[in-house]
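Go by the hints and put chain B onto chain A.
Listed here are the chains, written in short residue letters.
Protein chains: 2
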Amino acid sequence: MPKVTVYEVGPRDGLQNEPVAVDSDNKIAFINRLSNSLFPAIEVSAFVNPKRVPQMADADHVCERIAKQPGTRYSALVPNIAGLDRASAVGLKEVAIFAATSDTFSRRNINMSVEESMAQYAEVVKAATGDGIRVRGYLSTAFGCPFEGAAPVDRVVRLTQTMLQMGVFEVAVSDTIGIAHPGQVKEVLAALTALIEPSFLALHFHDTRGTALANVLASLDFDIRTFDSSAGGLGGCPFAPGASGNLATEDLLYMLHGLGYETGVSLEGVVAASEWIEPMVKHPLPSRYYRAALATRTR
Amino acid sequence: MPKVTVYEVGPRDGLQNEPVAVDSDNKIAFINRLSNSLFPAIEVSAFVNPKRVPQMADADHVCERIAKQPGTRYSALVPNIAGLDRASAVGLKEVAIFAATSDTFSRRNINMSVEESMAQYAEVVKAATGDGIRVRGYLSTAFGCPFEGAAPVDRVVRLTQTMLQMGVFEVAVSDTIGIAHPGQVKEVLAALTALIEPSFLALHFHDTRGTALANVLASLDFDIRTFDSSAGGLGGCPFAPGASGNLATEDLLYMLHGLGYETGVSLEGVVAASEWIEPMVKHPLPSRYYRAALATRTR
Chain A
100 MPKVTVYEVG PRDGLQNEPV AVDSDNKIAF INRLSNSLFP AIEVSAFVNP KRVPQMADAD
160 HVCERIAKQP GTRYSALVPN IAGLDRASAV GLKEVAIFAA TSDTFSRRNI NMSVEESMAQ
220 YAEVVKAATG DGIRVRGYLS TAFGCPFEGA APVDRVVRLT QTMLQMGVFE VAVSDTIGIA
280 HPGQVKEVLA ALTALIEPSF LALHFHDTRG TALANVLASL DFDIRTFDSS AGGLGGCPFA
340 PGASGNLATE DLLYMLHGLG YETGVSLEGV VAASEWIEPM VKHPLPSRYY RAALATRTR
Chain B
100 MPKVTVYEVG PRDGLQNEPV AVDSDNKIAF INRLSNSLFP AIEVSAFVNP KRVPQMADAD
160 HVCERIAKQP GTRYSALVPN IAGLDRASAV GLKEVAIFAA TSDTFSRRNI NMSVEESMAQ
220 YAEVVKAATG DGIRVRGYLS TAFGCPFEGA APVDRVVRLT QTMLQMGVFE VAVSDTIGIA
280 HPGQVKEVLA ALTALIEPSF LALHFHDTRG TALANVLASL DFDIRTFDSS AGGLGGCPFA
340 PGASGNLATE DLLYMLHGLG YETGVSLEGV VAASEWIEPM VKHPLPSRYY RAALATRTR
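Chains A and B, in that order, are what the protein sequence lines are.
Following my numbering, the numbering of the first sequence begins with 100 at its first residue and continues without gaps.
Following my numbering, the numbering of the second sequence begins with 100 at its first residue and continues without gaps.
Keep in mind that the hints were calculated from the coordinates and are not lab data.
A pair holds if it fits inside one copy or across any two, identical chains being indistinguishable in the list.
Each computed EDC-like pair below joins lysine to aspartate or glutamate, with the alpha-carbon atoms no more than 20 Å apart:
1) 285 <-> 322
2) 285 <-> 361
3) 285 <-> 320
4) 167 <-> 193
Pulled out of the complex, with its shape left as it was, chain A reads as follows (with noise of 0.2 Å):
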C-alpha cells in the first residue's frame, strides 16, 4: 500500500490559534495521546518570544517532559539560533524555521524581511546540522498573503529551492490564510514539482473555505506524500469571526485510508485525543469527521 506521512501540527498550530490557553500538563497529556495514536511525526511547540506568543512560553517544560515514543518524530519551531539553542537543550532533534512569501507578512510575524529571514535561518539550518538536528521548512502565505494578496508561483518556487539549499529536508508549503482551492494547487504543484523532487515536498492546508480536503486530493496527484493537519481541526472554529483552522486529522486520515493509502496513524486514536482536549479549549471541534463519530456513538 503507498504510504503518506501525516505531521500533526495540532500542539502547536491548533493550541497557538485557540483563544483559551490550555495548562502545560494538559498539553503533555495531549502530546502524549497522540504519541500513542502513532504519529510518524508530531510538531510539539514553538520556541518563541514569549512575550509575543504567551501560548507556546511552555515549550522547554513541555518538550522535555513528554512521553517521546520511538517510531514519532517530534519538532518544534525555532526562529533564530536561540531558538534553536533552547530546542537543542530539551533533546529534540528536529526543528522547523518558518519564512513567508511576502515582506509584510514576514515583518509582521518575525519582524524581518523574507531575504533577511533567509540569511538567518541558513545560519539556523548549519548550526542545527552540525548539532545533528534536522531540519524541516515552512513557506507560509505560499498561496496568498492578507497584506499584499496573491503570492506570485515564482516567487514561491524560489523561495522553496532556498529553502532547500540551505539543506532543510522538506519544505511544507503553507496555505496560511485557507484560500487555496484545488485550480491554484494544480499551478503551484505544476511549478515546483518541475524542478523539485515532490518527496522534499509536504502540503499544509488551512480550511477555512472547506477546500482544505479537496486541495489534498489534488496534491496526491503530483506525488505529494506528507500533509499536515491538527487534531479536531484544532485552532480554528467555524462560528468565530476570521477562525481558521488546520485541516482536521480526523477527516485527512478518513480520506486517505478511503483512498488506500497507509499512514500508520489510528483514526479512533486521534477522535478519542480531540474528545479529550475538545472541554479545554471550551468550543466544539471542528472536524466534521470528529463530530459524526461522537454523533454516531451517541446514537
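Chain B only, in chain A's frame:
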C-alpha cells in the same frame, strides 16, 4: 470554459432537515434570492405527505408564488401520481422521484420496497412525460445505508439503469448519510461510467465527514458535470449531533470557479441569500466559505 451545473437544493433538502420551520413567505423570498443568483436549477419543495413531512406542507403555495426566472428550472419531489398532479397543477415543468438502494431505507422513507418503488415511479415518469414534465431521479444511499451498511456497486449501477430506462433525464447518485470518500467515489463512478454516459449522472453529496468537496473533485475526473448543493450548507449544523447538511453551495462554487469551470451562478448572490435565511433557521450556517466571507467583511 467548461461548464458545470450547480443544482441548488437548499429550499428542499436543506430546509426539510432544519429543526426550526421557515414560514412560507420567507421560503418564497429565499427562493427568489436564489433565482436572482442565476442558478440553472433549484429544487424548491416536495409534494409529499404533510403529516410525515410538515416542513414541505406548503409546497403548492410556495411553487405558485415564487418569481420564476426564465434561465432557471424549478423542481420538486413527487413520490406518486398524486404528488405529480399537485406539481403539474402549480405549473412545474420538472419533478424528481426518489428511490434508494436498500429495502430497509426505502420502506422507512416511502413505505415500499425498492422494487415496489421502481414500479410506482415508472408510472409517475410515464404520466409526467405525457404532461410535458421532465423527471429527475434520485438514488439515495448510493454510498451506504444507515440501516444496511454498504451499498453494493452492482446494485447502484442496476438501479441507476432502471431509472434511466424509465425515462428520467438524469440520476442524482446520492450520498444520503455523507459517508462517501473519494476512494469510494472513484469505485462507484468507474462502474457507472463504464455503462452510462456521464451526462446522465449528477452527484449529490452531504458533508457529514468533510469529504464532499473532495468527492466532487474526484467526480470531475469522470466527466461528471452536475452537482447538488445547498446554500450555506442548509440542513446541517456541525455542532448538532447527527446533523449532516448538503455540500454547501458557496464552497462548491469557490472550488469550481477556481478550477476554471463556469457555473453562471453568482457566489456573492448565494452568500447574500445565506445571510438572509440564517436568522430564520436560528443557527450559524456551516458553509466554510460563507463564514470566511462574513468574517473577512467584518474585519
